[in-house]
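Spelled out from the first residue to the last, the chains are:
2 protein chains.
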Amino acid sequence: MPDKVRIAIDAMGGDHGASVLLPGAEISLIRHPDIEYLLFGNREVVEPLLDRLPRLKAKSKFVHTEVSIRMDDKPSQALRHGRWKSSMWLAIDAVKKGEADVAVSAGNTGALMAIAKFALKTLPGIDRPAIATLFPTRRGDSVMLDLGANLECDAENLVQFALMGDVFARTVLGLVQPTVGLLNVGSEDLKGNDAVRGAAARLRGGMTPIKFHGFVEGDDIAAGTVDVIVTDGFTGNVALKAIEGVAKLFSESLRASFHHSLPARFGYVFARGALKKFAARLDPRRHNGAMFLGLAGIAVKSHGSTDAFGFANAIGVAADLKLNGFLQKIGDELSRLNRAPSPEQSAAL
Amino acid sequence: MPDKVRIAIDAMGGDHGASVLLPGAEISLIRHPDIEYLLFGNREVVEPLLDRLPRLKAKSKFVHTEVSIRMDDKPSQALRHGRWKSSMWLAIDAVKKGEADVAVSAGNTGALMAIAKFALKTLPGIDRPAIATLFPTRRGDSVMLDLGANLECDAENLVQFALMGDVFARTVLGLVQPTVGLLNVGSEDLKGNDAVRGAAARLRGGMTPIKFHGFVEGDDIAAGTVDVIVTDGFTGNVALKAIEGVAKLFSESLRASFHHSLPARFGYVFARGALKKFAARLDPRRHNGAMFLGLAGIAVKSHGSTDAFGFANAIGVAADLKLNGFLQKIGDELSRLNRAPSPEQSAAL
Numbered sequence: 001m002p003d004k005v006r007i008a009i010d011a012m013g014g015d016h017g018a019s020v021l022l023p024g025a026e027i028s029l030i031r032h033p034d035i036e037y038l039l040f041g042n043r044e045v046v047e048p049l050l051d052r053l054p055r056l057k058a059k060s061k062f063v064h065t066e067v068s069i070r071m072d073d074k075p076s077q078a079l080r081h082g083r084w085k086s087s088m089w090l091a092i093d094a095v096k097k098g099e100a101d102v103a104v105s106a107g108n109t110g111a112l113m114a115i116a117k118f119a120l121k122t123l124p125g126i127d128r129p130a131i132a133t134l135f136p137t138r139r140g141d142s143v144m145l146d147l148g149a150n151l152e153c154d155a156e157n158l159v160q161f162a163l164m165g166d167v168f169a170r171t172v173l174g175l176v177q178p179t180v181g182l183l184n185v186g187s188e189d190l191k192g193n194d195a196v197r198g199a200a201a202r203l204r205g206g207m208t209p210i211k212f213h214g215f216v217e218g219d220d221i222a223a224g225t226v227d228v229i230v231t232d233g234f235t236g237n238v239a240l241k242a243i244e245g246v247a248k249l250f251s252e253s254l255r256a257s258f259h260h261s262l263p264a265r266f267g268y269v270f271a272r273g274a275l276k277k278f279a280a281r282l283d284p285r286r287h288n289g290a291m292f293l294g295l296a297g298i299a300v301k302s303h304g305s306t307d308a309f310g311f312a313n314a315i316g317v318a319a320d321l322k323l324n325g326f327l328q329k330i331g332d333e334l335s336r337l338n339r340a341p342s343p344e345q346s347a348a349l
Numbered sequence: 001m002p003d004k005v006r007i008a009i010d011a012m013g014g015d016h017g018a019s020v021l022l023p024g025a026e027i028s029l030i031r032h033p034d035i036e037y038l039l040f041g042n043r044e045v046v047e048p049l050l051d052r053l054p055r056l057k058a059k060s061k062f063v064h065t066e067v068s069i070r071m072d073d074k075p076s077q078a079l080r081h082g083r084w085k086s087s088m089w090l091a092i093d094a095v096k097k098g099e100a101d102v103a104v105s106a107g108n109t110g111a112l113m114a115i116a117k118f119a120l121k122t123l124p125g126i127d128r129p130a131i132a133t134l135f136p137t138r139r140g141d142s143v144m145l146d147l148g149a150n151l152e153c154d155a156e157n158l159v160q161f162a163l164m165g166d167v168f169a170r171t172v173l174g175l176v177q178p179t180v181g182l183l184n185v186g187s188e189d190l191k192g193n194d195a196v197r198g199a200a201a202r203l204r205g206g207m208t209p210i211k212f213h214g215f216v217e218g219d220d221i222a223a224g225t226v227d228v229i230v231t232d233g234f235t236g237n238v239a240l241k242a243i244e245g246v247a248k249l250f251s252e253s254l255r256a257s258f259h260h261s262l263p264a265r266f267g268y269v270f271a272r273g274a275l276k277k278f279a280a281r282l283d284p285r286r287h288n289g290a291m292f293l294g295l296a297g298i299a300v301k302s303h304g305s306t307d308a309f310g311f312a313n314a315i316g317v318a319a320d321l322k323l324n325g326f327l328q329k330i331g332d333e334l335s336r337l338n339r340a341p342s343p344e345q346s347a348a349l
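In order, the protein sequence lines correspond to chains A and B. Our numbering applies: residue 1 is where the first sequence begins, and numbers increase by one. Our numbering applies: residue 1 is where the second sequence begins, and numbers increase by one.
Isolated chain A, as found in the complex (with noise of 0.2 Å):
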């Protein structure tokens, strides 16, 4: 028999709130029949929509509350006191309580995170959570963190995001053994900045259980070269916006090219089935799920503009991470490192 996942919903987050966040964990009962859920936000907009979802009804427990964090409100206004009681605090609260095993949110990035490290603290031996995410590329899926919980990153907190990266893979990848790069201006040892050369260099040192590949360059992501792909907050946000933005363009390109001629319109016909199988491998809404690793708990964010299938999506990975024990196998790789001295400690003692 399977095992439960309780998972606390923030039904009030994201562009388009409870009317999709609710059907979407409704469809992700289909995949896991076994997920109770713990919905957090206001009855007036939460009761009407539970009503006619009655499986969704079924496996849920509502809890009513008038606050909510808005898109636009900063990680330091989602912090205070007021704003302790609202949909988002709650979904994380109960993850520090042990009532839900993961809370998943589609709202505000930065305030998810604040109060997510406030709330559930990051793990010893972690300095700084990170966000990752899945991507599709030529040779399947790969991991890449961090997305933007962290501008600028030193060369310890690169290693710490390998690691996170590294038992991730293993996790929701199923990986025995998976590949980690760094991302770099170049492959060759001399290249780039302070940070990603000491990174380099510990990891090389053989000090991690992790399968160092080197370094990788920007091209590489979409290639595939690696299955984990490390790098720092700034970086790693722009290069995966870079990415859906080009994916975009190249969709409607494409879109409007079969509509510019008659014969192309007629080509469209035939080449409709194979045309929905490429769209449908690259399909954004199949990725969606920004996990926060590093945290004494598990939170996934949904990207704020997804319908109920991308939701659906990022409620899959917080019921993998939960079901392949990611938080216990993280924990056991972090208190193997530390029994080993890192060349710093070794340093000042």
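Do not rely on the hints blindly, as some may be mistaken.
Any copy, or any two copies together, can satisfy a pair, since identical chains are not distinguished.
Quick list of in silico lysine to any residue cross-link-like pairs, SDA-like style, CA-CA up to 20 Å [what the hints assert, rightly or not]:
#	residue 1	residue 2
1	Lys74	Gly186
2	Lys191	Arg128
3	Lys191	Asp72
4	Lys191	Glu152
5	Lys191	Leu79
Hints are computed from structural coordinates only; laboratory data are not their basis.
Based on the hints, put chain B in the right spot on chain A.
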């Protein structure tokens, strides 16, 4: 009568060497019949090729050298005494001596930048040169810089890049008032690191002639939200290569889709014309040529893996920079700007 352009070519650079570079130079003569070439390279390679390209031969002066910079030479190696006779060095030196208006090489980027900085020096008012390129967007072409010359940049560097990008967009894209954006992880004023926030404050202050749009994000690159995207060399390098990588993945996946089934192949026959137009618009060879901006002379770097068509485009960009008076215009902007003291200078008085 159009002006003459005298172009110095490093005929030994690139993955395929003179056998693609010289045919590329000949292609350029179709668009720019008033180009005159100074070709630097080994006579055993160059002369037999020139005999087969009579139109190019008639427009070229050839200078023999035994020395060439290898694709894997380090910048420091390129500056060694023995390399002063290399084809790359001689091409840059021809610009320095006023024997050529621009230099074009498909060789090693780091070596070319090191030689160009050493020989040509930066313009008064520019601390560091930057590498810029054109790329296709939803709206047309935009410019991005820096792409790897400066991995860490402060606010002042970014402001100088903005200025150079502005003049470049006026000169090469022919825009009257280009819009300039700073690449960041969000569009709100408080987002980002000190360098981007500091640069934004100065660009908003109206001390420059630039039409400053504000912060832009990764997906604004392909969307063409602004005409000029300014960023540090680490982020710019990763973002541009990430875009190239996903464009390649997309093209390959699309081709595979069409071979997937008989109806899809049949559809392709009808859609071929439209698809070719689509591919042509996004053809990276159309956007070959990275410009080194901020030096007291013009140097253009072609992709090392270019074919003749791509190299001809790099030469075309070089010719446009000369014909549209880029160096004169950037000099004018800088001297206008330098008459107004910067906040630091005012504070130091």
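Okay, the hints, checked on the actual structure:
no.	hint	verdict
1	Lys74 x Gly186	between (36 Å within a copy, 12 Å between copies)
2	Lys191 x Arg128	between (25 Å within a copy, 18 Å between copies)
3	Lys191 x Asp72	between (38 Å within a copy, 13 Å between copies)
4	Lys191 x Glu152	both (18 Å within a copy, 13 Å between copies)
5	Lys191 x Leu79	between (40 Å within a copy, 18 Å between copies)
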